[in-house]
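Asker: Each protein sequence line maps, in turn, to chains A and B. Each residue of the first sequence is one higher than the last, beginning at 116 in the numbering used here. Each residue of the second sequence is one higher than the last, beginning at 116 in the numbering used here.
Worth double-checking, as some hints may not be accurate.
Claimed, not checked - Covered, in the sense of this in silico footprint (three residues per stretch, anywhere, with C-beta under 8 angstroms from a C-beta of chain A), are these stretches of chain B:
1) 271–282
2) 285–294
What the hints assert, rightly or not - No farther apart than 30 angstroms at their CA atoms in a straight line, the calculated lysine-lysine pairs in the DSSO-like style are these:
3) B:K529 to B:K499
4) B:K287 to A:K273
5) B:K444 to B:K529
6) B:K273 to A:K287
7) A:K529 to A:K435
8) B:K435 to B:K529
9) B:K287 to A:K287
10) A:K273 to A:K287
11) B:K209 to B:K444
As the list claims (entries may be wrong) - Facing chain A, a subset of chain B residues (Cβ under 10 angstroms, in silico):
12) W319
13) Q322
14) A323
15) I325
16) E326
17) G327
None of these hints come from the bench; they were simulated from the model. Backbone N, C-alpha and C fix where the C-beta goes; we use that ideal spot for every residue, glycine too.
2 protein chains.
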Amino acid sequence: MDIATRVYNHRWKLDPIVRSLIDTDFYKLLMCQSVFSNRRDTRVTFSLINRSDHVPLARLVDEGELREQLDHIRSLSLSRGESTWLRGNTFYGKRQMFRPDFMEWFEGLRLPPYHLERVGDQYELTFEGAWPEVMLWEIPALAVLMELRGRAVLGEMKRFELQVLYARAMTKLWEKIERLQPIENLRIADFGTRRRHSFLWQDWCVQAMIEGLGARFAGTSNCLIAMRREVEAIGTNAHELPMVYAALADSDAELAQAPYQVLADWHAEHSGNLRIILPDTFGTRGFLERAPDWLAGWTGIRVDSGRPEEGAESAIDWWKRHGEDPREKLIIFSDGLDADRIEALHARFSGRVRVSFGWGTLLTNDFRGLCPGDRLAPFSLVCKAVAADGRPTVKLSDNPLKAMGPQDQVERYKRVFGVGAQEAMAVEV
Amino acid sequence: MDIATRVYNHRWKLDPIVRSLIDTDFYKLLMCQSVFSNRRDTRVTFSLINRSDHVPLARLVDEGELREQLDHIRSLSLSRGESTWLRGNTFYGKRQMFRPDFMEWFEGLRLPPYHLERVGDQYELTFEGAWPEVMLWEIPALAVLMELRGRAVLGEMKRFELQVLYARAMTKLWEKIERLQPIENLRIADFGTRRRHSFLWQDWCVQAMIEGLGARFAGTSNCLIAMRREVEAIGTNAHELPMVYAALADSDAELAQAPYQVLADWHAEHSGNLRIILPDTFGTRGFLERAPDWLAGWTGIRVDSGRPEEGAESAIDWWKRHGEDPREKLIIFSDGLDADRIEALHARFSGRVRVSFGWGTLLTNDFRGLCPGDRLAPFSLVCKAVAADGRPTVKLSDNPLKAMGPQDQVERYKRVFGVGAQEAMAVEV
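Build out the structure end to end from the sequences listed, making use of the hints.
Answerer: Structural data, given as structure tokens:
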């Protein structure tokens, strides 16, 4: 490294983990624009939830360092080049995906304040504010915590231990890629921003996927990496939309309609491969049973909890009942994927439907078994909308261990959405 | 990388493999000084011998590139810093190991011409000249051929394939080091210059050993790396001394004495841990049986062919017969070592003798199984003194597959040195 670069780098007060507002998932920006248009004034609270309570985050991560990283994120604004890319790039085949009024707002955005408190061995980290602003905290907050926890472990390692650690991680990923290479018609994207090991590592993973899988690598959910590596930015929508819409419902009847209202708003805005149903927020079975007919005309479905085979079969049956040809439909698997599951799901569904994969944590953070005590293994950290205009949100999903919300509201939602017994499945990452 | 460095690097006409006259084994310099004092005018021919004839070197390595590399080596001379280090550093606890007259000669040295010819799929590469000059061709010639063969394979690999290749190699070595870490009293040195994968890789291996084994890593045979990494330069003497001394013998009686004459000359020059017998040139058993009593007073023995357990047991018996305490003696194992063999030999001999290891090719070039067709696996290439003052040399060793020399001379040597039946063992590296 040249001296000037070294000197320049040493002027950083800290080594920032998130260095750009677009170091986030593409679907966050799509949803943000939708919310900006439809529910701009809704007050929402996002909250960090560590589902792996055996990981004592507050003992591992220094509060001061965490604050520095979060403060740094609050200092970020969209750069000129990032703005140009968002305004000028083609996303999902469409020019000007982001409208001028949204871009103007985004260009002026700084992330709102955060609230951080240590409670026992965990942090309470919440973000309150206008929905389109606070929603953009989710991904950087998760990435910062994951990476700070990693740094705490890495900081104790010696130089060659570190080299070998990354050598092992590279080998591990490459062997997965080699395993995926023979799969014809594979279509797979990186969905691993939120629980990545680190930014640099995610960037390496994406480049390895580009070289190893060529056209079968569909792109990355990370906008910054998509821009820099010149690949597609990938993503559609997430649970927060039906969760917040549902929380705002004034009656059970309105609540029952809320998930479909989300998609009606989305329908007005997007077409083609962006018309992807995420049906599991309040239970996939009931969602499909009560879905309006026009939804069957949508392009596909994303399977994000429960047994993926069951979710996919339900969708296929549902399309058939509505006279749709499943072979023209797209199923995106995105829950807890690894190479073996991708292989198995592809073998079972390829040809019957169009299959695609959103590979997350075990793409960008499979450091399991790579250091003593497994202290770099990924864990299940989420950041969710927990309240909207003062009302609690609820998520049921197809796995009761992923459910969240006050117990009485959970019961109410189960009744309204006709959710019966559910099978519990361990949530790894 | 900064622009200036990049521009500077692009001015190289080639990417030189050997960039220093001390990028060679330490024992070559010790022997060179000895030869410079005792046999300066002997005319010796060194010749490249590819014992792995399934590796078609001349098809893999371009003749023009090979000539460029060899020509580059001929342009090298000792740098001021290298000279200062050789003159001023302590080797084996001794200051001024290299005498001023030798250093003055070495500072003026350029390597003599080479003769290169393609014969079928192999190269005939020979070096003729005064012994102290031509002997310094051995290590760089081998290193150049090994690395050019590697580059031919590496040149076809893509960027991430390369990264993963090295990631795998690093992991492989580190797992060996981790396996060696629990061995108490381990003493191990890098002997892998001649058949290393590349200079940079050897340098990485040495650094990994420094970090992973700490004080149990005794040092490296490579002078340049020893200087740069500030570790001990390790090595004593090799087969070329008895081979050339033997070839110069005028009678069978003189021939029988030649190996002891080598050690008598060495005895006059060196003490302590440099008094290491290499007994296998013409068969270990006969060597020890006829050895003069004063040799039993030497510090140790190096076991470099045959079954290492047998060689070591013979030495222990021999010391006992001469009233020496084996626990004060040093046995250096240096033939075809890998972690498992090191473990086993250490378990068997530690405590009975002082044990040390010279770990060669499988330290610095274990790329077995790391690329398709195993085209980076190391192979058995040597560069040997084949003639002295017009007479052919002979080596028997304790493995008939390592024997070399004209058949009639091999028979004569076997008779003179009383070598009976020998067990053939595959020569891997």
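Asker: Decide, hint by hint, whether the structure agrees.
Answerer: How the hints compare with the structure:
1. 271–282: holds (count 8)
2. 285–294: Per the Cβ count (3), the hint holds.
3. B:K529 to B:K499: 19 angstroms, holds
4. B:K287 to A:K273: Distance ~18 angstroms between B:K287 and A:K273 Cα, so the pair holds.
5. B:K444 to B:K529: Holds, at about 29 angstroms.
6. B:K273 to A:K287: Since the Cα atoms of B:K273 and A:K287 sit roughly 18 angstroms apart, the hinted pair holds (cutoff 30 angstroms).
7. A:K529 to A:K435: With Cα atoms ~26 angstroms apart, A:K529 and A:K435 stay inside 30 angstroms; holds.
8. B:K435 to B:K529: The hint holds at about 27 angstroms.
9. B:K287 to A:K287: The hint holds at about 13 angstroms.
10. A:K273 to A:K287: 21 angstroms, holds
11. B:K209 to B:K444: 20 angstroms, holds
12. W319: At about 8 angstroms, which falls below the 10 angstroms cut-off, the nearest Cβ of chain A leaves the hint on B:W319 intact, so it holds.
13. Q322: 7 angstroms, holds
14. A323: OK, holds: B:A323 within 10 angstroms of chain A, min 5 angstroms.
15. I325: Hint holds; B:I325 Cβ to chain A Cβ min 8 angstroms, cut 10 angstroms.
16. E326: Where the cut-off is 10 angstroms and the nearest Cβ of chain A is about 4 angstroms from B:E326, the hint holds.
17. G327: Hint holds; B:G327 Cβ to chain A Cβ min 6 angstroms, cut 10 angstroms.
In this structure, every one of the numbered hints holds.
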